[in-house]
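Asks: This is what each chain is made of:
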Amino acid sequence: MAATTLAKGITSGLRASMERDPKVVLLGEDIGKLGGVFRVTEGLQKDFGEDRVIDTPLAEAGILGTAIGMALRGYRPVVEIQFDGFVYPAFDHIVSQVAKLRARSLGYVTMPIVIRIPFGGGIGAVEHHSESNEAYFAHTAGLRVVVCSNAHDAHWMIQQAIETDDPVVFYEPKRRYWDKGEVGDGPDGPLGTARVLREGTDVTLLAYGPMVKTCLQAAQAAEEEGRSLEVVDLRSLSPLDDEAILESVQKTGRAVVVHEASTFLGMGAEISALVTERAFYHLEAPVLRVGGYNVPYPPSRLEEEFLPDLDRVLDGVDRSLAY
Amino acid sequence: MAATTLAKGITSGLRASMERDPKVVLLGEDIGKLGGVFRVTEGLQKDFGEDRVIDTPLAEAGILGTAIGMALRGYRPVVEIQFDGFVYPAFDHIVSQVAKLRARSLGYVTMPIVIRIPFGGGIGAVEHHSESNEAYFAHTAGLRVVVCSNAHDAHWMIQQAIETDDPVVFYEPKRRYWDKGEVGDGPDGPLGTARVLREGTDVTLLAYGPMVKTCLQAAQAAEEEGRSLEVVDLRSLSPLDDEAILESVQKTGRAVVVHEASTFLGMGAEISALVTERAFYHLEAPVLRVGGYNVPYPPSRLEEEFLPDLDRVLDGVDRSLAY
Amino acid sequence: MSDNDVAPLETAFGVDHHVSRAEAPERPAQDGGPDMVQLLNPEGERVAHPEHDAVVDGLSDEELRGFYRDLVLIRRFDTEATALQRQGELGLWASLLGQEAAQVGSGRALRPQDYAFPTYREHGVAWCRGVDPVNLLGMFRGVNHGGWDPNEKNFHLYTIIIGAQTLHATGYAMGVQRDGNVGTGDEERDTAVIAYFGDGATSQGDVSEALVFAGVNNSPVVFFCQNNQWAISEPNEKQTRAPLWHRARGFGFPGIRVDGNDVLAVYAVTKAALDAARSGQGPTFIEAFTYRMGAHTTSDDPSKYRVSAEVEVWKHRDPIERFRRWLTTTGRADPDFFDAVDGESDELGASVRQRCLSMPDPGGTEMFDHVFAERHPVMERERAEFETYHASFEAAR
Amino acid sequence: MSDNDVAPLETAFGVDHHVSRAEAPERPAQDGGPDMVQLLNPEGERVAHPEHDAVVDGLSDEELRGFYRDLVLIRRFDTEATALQRQGELGLWASLLGQEAAQVGSGRALRPQDYAFPTYREHGVAWCRGVDPVNLLGMFRGVNHGGWDPNEKNFHLYTIIIGAQTLHATGYAMGVQRDGNVGTGDEERDTAVIAYFGDGATSQGDVSEALVFAGVNNSPVVFFCQNNQWAISEPNEKQTRAPLWHRARGFGFPGIRVDGNDVLAVYAVTKAALDAARSGQGPTFIEAFTYRMGAHTTSDDPSKYRVSAEVEVWKHRDPIERFRRWLTTTGRADPDFFDAVDGESDELGASVRQRCLSMPDPGGTEMFDHVFAERHPVMERERAEFETYHASFEAAR
Ligand SMILES: Cc1ncc(C[n+]2csc(CCOP(=O)(O)OP(=O)(O)O)c2C)c(N)n1
Ligand SMILES: Cc1ncc(C[n+]2csc(CCOP(=O)(O)OP(=O)(O)O)c2C)c(N)n1
Ligand SMILES: [Mg+2]
Ligand SMILES: [Mg+2]
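Protein chains in written order, with my numbering: chain B, 1 to 323; chain C, 1 to 323; chain P, 1 to 397; chain V, 1 to 397.
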């Protein structure tokens, strides 16, 4: 396939899933004629009709609640949350129902729901439009949480997310929506696996979503200074691909986790704990975290200073190597 | 003061705050005549009237949303969430408004709201009544999250929580509500500080809420086997009392964090990351976690096997000492 | 304000007089008011109703006796469950005492293909759907969180989060529409969904959102609100200023109040609403005006917040008594029938008790078994750790 | 269904004819219908209204010219902001074009002690409250999230989370009640609260919960819904099956629809509702029937989802045009006045532009400054780390 944007990779993935399975329906605000505020569902209502691409009332609890009902009736709803900061009204349905219904019913009921969330900052938006709230869902037992970072994964992972009978929170790095990439012939491994995007020997950078690109750039810059950084795209936050993470960190002995979310109880905390528990003697330095500060997402004129960038990643690498 | 239950410690603390400050109002479901399902507000409506002890409609978003409005009008609302699993409909107001309003307004607006949440399991309840969801709020920048574990702290910490101009999520360990203890003459240090409840030299147990008692019992049992465990009651989950934690772990070189919440991205993850980052060379073993499994809270006949108990704590200690 | 927008407002209790906006709602005697559909009064006398007479007159004596049997058996089941709780065999029980007619009347109006979304108190509806009553005890005994297959009898799991199921029901109904199972005229195909909820639940945003979605989509769902006057300790007036059946109109579909202690009226009104839904006429909101005769649950102590005089008033409106009287006076049932039902009811009590006591506890590893449909490494690792730990622990003993 | 519960249902658009439940709502020409209060028709002719005539007839010519000035200046401000966005000086702008009368009419009905809770589009209300318009740009420029002191002009920060502010307004009103500032008869003390929200917002559970709380507490709050027919790309019929002003009745208080493009009608209706609230008569729901003439925000492209014919219809109902015509034909204002306002408006545009460009960027450490009222170790540590990092970084350069 020719190069396409990450956003369009999702569009084509949704289209493929909808063609394959008539039970796949999309629900969300403005996803019909408008094609969503990021145009990810553009053209789909025209082709699949209003019964399958549903412009819902403006109520996130209602969207998730009715999606649950449709799933109980045998549908496979793919829900679009317009922006990260608007998922909270649906929080109850996600954590108390979507995540738990299968366990509650002893497996009689499945919840093949995909919750698409464009997330993260860096696009100069007003408040509530730049949140990274993945840790809430990753902490919630019963959900799978995945994040794509490029067009290829976007295209294939959305299809994998739709195919699994488990509920998936699917994060899309909104500031990378317009980045182009090749889409290959099939997915790189099953949902739940990480991917080493760049091999290295000195320090492992663990990232996902928007920070993958930043880490790759940092690794590039580091190389020019003679440092060899390995970059792992986690892709799945719950479950984490422990094996891939441990393998890399055992090799390098050092790890820096990078994300936009606040560090306190962010993914970096779990990864640090996990790596320390399972690879204690391999560590030459503590797992370090480079992330958003522990403040509400600032006004956009400050976001460059809030968000990790190449320099802050390299600073983290320096601190790791200083041990 | 004579020995009193943890629940009544909160009652008397609420009463003291209400007597001191006429702006303190209580909101919640069934907190009036009934005195709350745990009777924590018993007698308060009778003494302070329906205007200050408000039986609200059955709607948690409504409770938090109106509490925000009352705070904007100069009141100091103390909200009771009936059970841990019922806070989610209010999640949006807590994370998007309560936590952020002060920052958003550049400090013009304060949010002196206390959100009381009876939490945790072990009381044989039906589902949604035994959740430990503290990590969600601790991860949320802008909130303070505290937990009491005994009658003394219950009585004083609730007053401190009401007095601070910052929003506080106040967790109450429901299975310890009926445990009795002495209430001393004043608080043990400001809100935000941990407390060493038992000194020891071999391993530090870090716990809060219901698990504090379990850890004290474990330490007692360990002593009989010749092991000296230090027990730290964290009391504040956000901010964590880094200094107290680091001081203890630097002394013992080993730490086990114990909580009921699922371990994945639970408080143990943050504490492990924090300790490893800041006391790497002091650690003789990785910080270990003993917590709930990463499954939805099981039916009550299984809760004893889900929840950490004395044996699982000691197993954690053994694993730590095995390094 | 102009008159055109301020028609007489009512208090929540249906006493149809003009209330000035300045008056705060107060607690009147709970009277359903003149708009309430009633076919059988508390004395057991048939009240004529032009719209609904035909339906109930069309019921055979056997069907009518069936209703009675349902009412008695489900009350007996409920009593047994309460006793089991008192004896420590259940952790908790939510009694339906007083609400039997609301549940049996609506439950019997459902067709097999219809789907019901209950709260935690719809034991009578479960009974009508054919769910094994022992299954209802599992959650309260703590051996599971429900544990029946919802699709076997088209009866969803109990939902404890107040109001959430109304959205699930609406979404399910949206699925029914997409399946083309509305308005075909095929009696076995056209499908309605019914969502049960309480008076307190109407305050939850979820319930209003369900009304929005159902209205906009014209979905085949009936919102069945059992107004038992109390949400734990809070009376109706803490939840609403208007009668609940008024709620629906502002969302674009009809609301109706029915005497929830009158099994015939509930049956007729629910059947009409379900028929409308199945035939493509969209949602209806039914307020079944009834009373929670017992405590909220076995953990509750209503003496703290309500006066027994109120309970006494409602005792005279008992749903079973009036129906029995009517069956008797109209010669539809004789003492032998009533004796037979009593006998059956004792048998049910005994068998429920015995089967409750023999419900097996789940094994510890079961908590890992049903979380995910597909392989999940954390489940696998923790399950293995759990087993190892317990094995080592047993060995050490 | 019996007739007593199914009075004629209306579509969302107020065309007052009986709609069978089977008919799905469709998109008619947006006409407010006969129940809509209108005092000035699109041609600028005064329409008599027994209830509201007295209030508007009591307005002095100066007050009326003041309304006009507000309308023009706020439109000018809005145009300037849109231009600033196009030129990259704002990240985004949410235009109020077409909604000036709804905002000025309601804003001018407020007393100083009243409190307003806006969405993100209430620039006209902010103007009436006396908020410096440049403050409104801060959030859209990205230099702050609002950043004015809400208590200075009793105008809360903009709220982006749809519907949330309706609950805040209700809680604020509950505080007003507790302060005893309702029904005292003291004009300077009795206080009302007004909550602004859109048509789309009515779907959010929060808004319904606000109606519940306000009804039950009989709180002094006016729910002011600007039905501009669109929620981004979704027209009214995706949000509701019933006209929005019908919503309130089911929650126990009056609803009313007013021509949102008629500044006199909006003023009169809002004033009546605020007076009712202040005097202890509780809440009112006002639906101001208007139209979003522009895009949802500068990021939006309405050509994707709506036809220009619809916009044309609404152009003829322009709120400023009709008011100017009326002022002219009734001799309340002369060309000099209009010229003066135009001059003032150009000055406003220029000064807003210039002051926008000179808004300082915040310093990086400011993000740590206002999160907590009291000392917080994480803030202190991160602030210090931030400073050290940036210092070292600067040094390294
Ligand atoms: C979201 C949520 N909040 C609070 C509760 C606690 N709770 C359980 S039942 C109940 C009252 C419900 O009243 P109502 O809806 O009238 O139903 P009823 O119990 O009378 O049948 C409450 C507050 C809950 N289960 N869920
Ligand atoms: C909870 C939430 N969900 C979604 C959004 C995204 N959003 C912003 S404005 C808008 C439409 C609002 O429509 P309406 O209430 O009619 O107000 P209008 O913009 O027309 O003034 C949406 C969906 C949001 N801000 N908050
Ligand atoms: Mg009830
Ligand atoms: Mg709108």
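Some hints here could point you the wrong way.
Straight-line Cα separation of at most 30 Å, DSS-like style, residue types lysine-lysine; simulated pairs [claimed, not checked]:
| id | chain 1 | residue 1 | chain 2 | residue 2 |
| --- | --- | --- | --- | --- |
| 1 | C | K46 | P | K153 |
| 2 | P | K315 | C | K23 |
| 3 | B | K180 | B | K213 |
| 4 | P | K315 | P | K271 |
| 5 | P | K315 | C | K8 |
| 6 | B | K8 | B | K180 |
| 7 | C | K33 | P | K153 |
| 8 | B | K23 | P | K315 |
| 9 | B | K33 | V | K153 |
| 10 | B | K33 | V | K304 |
| 11 | V | K153 | V | K304 |
| 12 | B | K46 | B | K23 |
| 13 | V | K153 | C | K23 |
| 14 | C | K33 | P | K271 |
| 15 | V | K271 | B | K46 |
| 16 | B | K180 | V | K271 |
Listed next, with one range per pair, are the computed distances between beta-carbon atoms [said to hold, decoys possible]:
| id | chain 1 | residue 1 | chain 2 | residue 2 | range |
| --- | --- | --- | --- | --- | --- |
| 17 | V | S299 | B | D311 | 24 to 32 Å |
| 18 | V | A373 | P | T79 | 54 to 62 Å |
| 19 | V | A373 | P | L357 | 27 to 35 Å |
Source of the hints: derived by calculation from the structure; they are not laboratory data.
No residue lacks a Cβ here, since even glycine has one placed at the ideal position from N, Cα and C.
Asks: Does each hint hold? Answer for all of them.
Replies: Hints, verified against the model:
1. C:K46 x P:K153: Answer violated: K46 (chain C) to K153 (chain P) is near 48 Å, above 30 Å.
2. P:K315 x C:K23: Roughly 43 Å separates the two Cα atoms, so the pair is violated.
3. B:K180 x B:K213: holds (12 Å)
4. P:K315 x P:K271: Given that 30 Å is the threshold and the Cα spacing comes to 27 Å, the pair holds.
5. P:K315 x C:K8: This hinted pair is violated, its Cα atoms lying about 37 Å apart.
6. B:K8 x B:K180: holds (9 Å)
7. C:K33 x P:K153: violated (40 Å)
8. B:K23 x P:K315: It is violated: about 50 Å lies between the C-alpha atoms, which goes past 30 Å.
9. B:K33 x V:K153: Outside the cut-off at roughly 40 Å; violated.
10. B:K33 x V:K304: holds (6 Å)
11. V:K153 x V:K304: Answer violated: K153 (chain V) to K304 (chain V) is near 39 Å, above 30 Å.
12. B:K46 x B:K23: holds (17 Å)
13. V:K153 x C:K23: holds (22 Å)
14. C:K33 x P:K271: Violated - the C-alpha atoms of K271 (chain P) and K33 (chain C) are around 39 Å apart, more than 30 Å.
15. V:K271 x B:K46: Violated. K271 (chain V) to K46 (chain B) sits at ~46 Å, over the 30 Å cutoff.
16. B:K180 x V:K271: violated (56 Å)
17. V:S299 x B:D311: 24 to 32 Å: Since S299 (chain V) and D311 (chain B) have Cβ atoms about 30 Å apart, the given range 24 to 32 Å holds.
18. V:A373 x P:T79: 54 to 62 Å: About 55 Å separates the Cβ atoms of A373 (chain V) and T79 (chain P), which means 54 to 62 Å holds.
19. V:A373 x P:L357: 27 to 35 Å: Since the Cβ atoms of A373 (chain V) and L357 (chain P) sit about 57 Å apart, the hinted range of 27 to 35 Å is violated.
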